[in-house]
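> Now for the letters of each chain:
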Amino acid sequence: MSLQQHTGGPSKPLVEVGQEVKLGQKIADGSSFISAALHASVAGKVVEIAPHPHPAGGEVTAIVIENDGSDEWAEGIGPKGSLESLSPEQIREIVKEAGIVGLGGAAFPTHVKINPPPDKPIEYLVLNGCECEAYLTTDHRLMIERTEDIAFGGKALAKALGVKKVIVGVERNKPEAIAAFQEIAARDDLFQVESLEVKYPQGAEKQLVYCLLGREVPSRGLPADVGVVVQNVATAAAVADAINKGWPLIKRVITVSGTGVQEPKNVEVRVGTPVKDAIEFAGGYNGTPGKVLMGGPMTGIAVHTTEVPVMKGTSGIIVVPREDVKQYDPSPCIRCGRCVDACPAYLMPVTIANFAEKGMLQEADQYGAMDCIECGCCTYVCPAKRFLLHWIQLAKHQLLALKRQNG
Amino acid sequence: MDVSWLSMISMGLVGAFFALVLAYASRVFAVETDPRAAAIEEILPGANCGACGFTGCSGFAEGVTAGKAEISGCPVGGADVANAIAEIMGIAAPTDVKRKVAQLLCAGDCEQAKNRAEYNGVADCRAALLVGGGPKMCTYGCLGFGTCAIACPFDAISMNEHDLPVVDEEACTGCGICVEACPRDLFQLVEEQQGVHIRCRSFARGKEVRQACDVGCIGCRRCARECPEEAIEMVDNLAVIDYEKCTNCGACVAVCPTNTIHWQKEKPEVKKLVAVS
Numbered sequence: 223m224s225l226q227q228h229t230g231g232p233s234k235p236l237v238e239v240g241q242e243v244k245l246g247q248k249i250a251d252g253s254s255f256i257s258a259a260l261h262a263s264v265a266g267k268v269v270e271i272a273p274h275p276h277p278a279g280g281e282v283t284a285i286v287i288e289n290d291g292s293d294e295w296a297e298g299i300g301p302k303g304s305l306e307s308l309s310p311e312q313i314r315e316i317v318k319e320a321g322i323v324g325l326g327g328a329a330f331p332t333h334v335k336i337n338p339p340p341d342k343p344i345e346y347l348v349l350n351g352c353e354c355e356a357y358l359t360t361d362h363r364l365m366i367e368r369t370e371d372i373a374f375g376g377k378a379l380a381k382a383l384g385v386k387k388v389i390v391g392v393e394r395n396k397p398e399a400i401a402a403f404q405e406i407a408a409r410d411d412l413f414q415v416e417s418l419e420v421k422y423p424q425g426a427e428k429q430l431v432y433c434l435l436g437r438e439v440p441s442r443g444l445p446a447d448v449g450v451v452v453q454n455v456a457t458a459a460a461v462a463d464a465i466n467k468g469w470p471l472i473k474r475v476i477t478v479s480g481t482g483v484q485e486p487k488n489v490e491v492r493v494g495t496p497v498k499d500a501i502e503f504a505g506g507y508n509g510t511p512g513k514v515l516m517g518g519p520m521t522g523i524a525v526h527t528t529e530v531p532v533m534k535g536t537s538g539i540i541v542v543p544r545e546d547v548k549q550y551d552p553s554p555c556i557r558c559g560r561c562v563d564a565c566p567a568y569l570m571p572v573t574i575a576n577f578a579e580k581g582m583l584q585e586a587d588q589y590g591a592m593d594c595i596e597c598g599c600c601t602y603v604c605p606a607k608r609f610l611l612h613w614i615q616l617a618k619h620q621l622l623a624l625k626r627q628n629g
Numbered sequence: 004m005d006v007s008w009l010s011m012i013s014m015g016l017v018g019a020f021f022a023l024v025l026a027y028a029s030r031v032f033a034v035e036t037d038p039r040a041a042a043i044e045e046i047l048p049g050a051n052c053g054a055c056g057f058t059g060c061s062g063f064a065e066g067v068t069a070g071k072a073e074i075s076g077c078p079v080g081g082a083d084v085a086n087a088i089a090e091i092m093g094i095a096a097p098t099d100v101k102r103k104v105a106q107l108l109c110a111g112d113c114e115q116a117k118n119r120a121e122y123n124g125v126a127d128c129r130a131a132l133l134v135g136g137g138p139k140m141c142t143y144g145c146l147g148f149g150t151c152a153i154a155c156p157f158d159a160i161s162m163n164e165h166d167l168p169v170v171d172e173e174a175c176t177g178c179g180i181c182v183e184a185c186p187r188d189l190f191q192l193v194e195e196q197q198g199v200h201i202r203c204r205s206f207a208r209g210k211e212v213r214q215a216c217d218v219g220c221i222g223c224r225r226c227a228r229e230c231p232e233e234a235i236e237m238v239d240n241l242a243v244i245d246y247e248k249c250t251n252c253g254a255c256v257a258v259c260p261t262n263t264i265h266w267q268k269e270k271p272e273v274k275k276l277v278a279v280s
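Protein sequence lines, in the order shown, are assigned to chains Z and X. Just so we're aligned, residue 223 is where the first sequence starts under our numbering, counting upward by one. Just so we're aligned, residue 4 is where the second sequence starts under our numbering, counting upward by one.
Calculated directly from the structure, the hints in this document are not laboratory data. Source: prediction; values computed, not measured. A couple of the hints might just be wrong.
[As the list claims (entries may be wrong)] From chain Z, some residues computed to sit far from chain X (all C-beta separations above 12 Å):
(1) P277
(2) K548
(3) D551
(4) R560
(5) A575
(6) E579
[Stated by the list, open to error] Which residues of chain X face chain Z? A partial, calculated answer using Cβ under 10 Å:
(7) V34
(8) P38
(9) L132
(10) G135
(11) K210
Beta carbons are placed, not taken as given, at the ideal position from N, Cα and C, and that holds for glycine.
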C-alpha cells in the first residue's frame, strides 16, 4: 500500500510494524489539504513500512500488510444512512474519510474537488464515462453492471456540490451504457445523458466540458472556473459504496489487457495488489513481455518491475509483447504542423518542445506549456518521431520546480 | 541656389543641432559609474557563466565595488584574478584562494552499471529521470545522457565511449554549473590538489549495489578502518571522504574491494589559468 496513491502530498502512516490491522481500517491519513487517507485492503499484520518501487519511478514509502485471509472488517464499517438524511458537509466528510480519489487516472482527491471555493458557484456535475483510451473497458463495464450505484453516487456528489443538473457523457461506442443511463434519466430529472463522438482524448476533463457545454476552461484554470465539476463514473460508484455500505476505497476495477496477456479481462482488485498477480490472474504472459503499462496505452506509465502495486488511480494494466515494442529514432522536424493540428488544448507542441530543448523555460511557459494535458497526441502523429511530449513534460517539471523554489 | 547646396546646408544644420542636444544630454543624464568596476570587468574572464551568483561579469564587477561580492568570488578566475581585483580595490590580496575542479561521484558507466529497462526517449538525463526514474538499475548513479556535458560552458566535460562524463581538469574552471545541471547531484567541487575520490553516491545496501553495479560502494567500511587520518566516514552505507582531513596517502585505495576509490598520485597543480575569450 504505497503512501503516494494520489495527486498531492503523501499520506502519513497511522500504524506501526507488527500491528494487526483489519479490512478497511485507516492505516494512513492525508498530510495536507490536497492529500487522501489510505485504508487496509486486507486484514492481517503490518510487516514493513519501507521504501517500495512506485510506478512513477524511484521508491516511495509503502505499508506492507501480510494477508491473514480472514477479511475481517474493521469496526464501524456500515451504511451511513439514506442520502436524504445526509447534509452536503456529511457527504464530503464520508468521501474524505473513505479516501476516495478520482479513479479515471489522475487520482485527484475527490473531497477537494467537491469542495470548491465559495466564489466559484458550480452549475453542472459531469459524470465522465468516455473512457477514450484504447484497450480500457473498466468504466464501460461499470456503467452497464452498476448503473444504479453510479447514479446514486452522482446524486450524492450533486448534493455535496449543490448542483441541479448531472450530465453523463458517454462515447457513442458504448450504446448499452447510454441506454442504461437513458433509463435513469427518464425517471429522474437530475440526470441528462449525452452521447459523444468517439475520439481521443474525449475523456480529458477540459475537452469534455467544452464538448458538452461549449465552455472553455481558462488557461491554467480548472473546470470549476466555468461552473463545472467532472467526476469519473467509477468515482461515483466508489462514493455510492462509501455511503451505502461504508466501504472505504480499498478495491477498484482494472482492465488487464494487451496482446501480451493470455486472457484479457476486467478484474476487481484490491488496492495494493502486485501487478504481477493481476497479470497472472489474466492467464499470465502471452509470449515474451516487452512493456508493461499502468494505465492506458497513451497516458500509461511503463513500469520496470511488476512488483509495483495497483494504485487507486490505476485504470488498467497493458502488456505489450516484445516484438511489438518499437524503438524510435527522432529525426529533424519537417515543420508539417501536424502536432499543432492534433493538439486538443490548441497549443503549439513543436514550439514548446523546441524551447524546452534549448532550456528556454520562460518562453515555453509563455507558449502554454503548463496547459498541456499530456495526452500524447502530438508525439503520436509526428512523422519525424520526435519526442514532443517528453520535452514538454520536462519543461513542465522544471517550471514547477522553479515555482516551488521561488515560493 | 543649387538644390544640392541647399540640402547639404540644411542637413548639416540638422546634424549640428542633434549633436549639440546629444552632447548636452550625455553630460546632464550621465550615470555615475565606479571606474574601478570597469577596470575589474576588464580583467574578469568574460565568460558570463553566472557561477559567482551575479548576472554576468559586469554584475560581479559592480558587486565587488559595491561591497556585495567577495574579491575571490569569481571561481573561474581563481587566485590570479582575485589578486588583480585586490590591487584595483587597493586592499590586501586574499591568501586562501584555491582552485577547485568538478569531480564526478560515479564510476558506473554502461559496462559497469546494469540497466533495468530499455529507454527510448529524449536523450537528456533530466527527461530520462521522468520516465520511471531512468533506465539504470542504480537509482543514484550517472544516467549517461550527457546533460552535464551540454551544460558546461567551458567544454570541460566530455562523454567517454561508455557514456560516462569525463572532466578535463585543466579546462574546468570550477564554475559549478554541472553541479546544478546533474539531476542526480553527482558533481562536487573539490580543491584541485585532492587526488583521492570515492566515485559512488549510492546509499543503497551492499547487496543491492552489487546487483546494480560492479564499481559501486557496498559499504564494507574497509576504507574507513584503513584511513590513518580518519578522513572517511560512513553515511547510510556509503563511504564519504572528508577532503579537509585527506592527505592523498592512498591507503584506502588499496583495500577497496570494488575499485570505487580512484587515486591520482602526486597530482600536478595547474598553474596557468585558462584564458577565456
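> Does each hint hold? Answer for all of them.
Hints versus structure:
For P277/Z, the non-interface assignment is contradicted: its Cβ lies about 7 Å from the closest Cβ of chain X, within the 12 Å cut-off. The non-interface label for K548/Z is inconsistent with chain X: the shortest C-beta to C-beta separation is roughly 8 Å, within 12 Å. Annotated as non-interface, D551/Z brings its C-beta within 12 Å of a C-beta of chain X; the closest such distance is 9 Å. Look at R560/Z: its CB is around 19 Å from the nearest CB on chain X, clear of 12 Å, so calling it non-interface holds up.
Separation of A575/Z from chain X is inadequate, the least Cβ-Cβ distance of about 9 Å not exceeding the 12 Å criterion. Against chain X, the non-interface label of E579/Z is violated: not every CB pair exceeds 12 Å, the least being about 8 Å. Nearest Cβ of chain Z to the Cβ of V34/X: about 28 Å, over the 10 Å cut. The hint is violated. For P38/X, the shortest C-beta to C-beta distance to chain Z is roughly 35 Å, which exceeds 10 Å, and the interface hint is violated.
Using the Cβ-Cβ criterion of 10 Å, the hint placing L132/X at the interface with chain Z is satisfied: the shortest such distance is roughly 7 Å. Residue-level restraint check for G135/X holds (minimum Cβ-Cβ distance to chain Z is 4 Å; threshold 10 Å). Because the smallest distance between the Cβ of K210/X and any Cβ of chain Z comes to about 15 Å, over 10 Å, the interface hint for this residue is violated.
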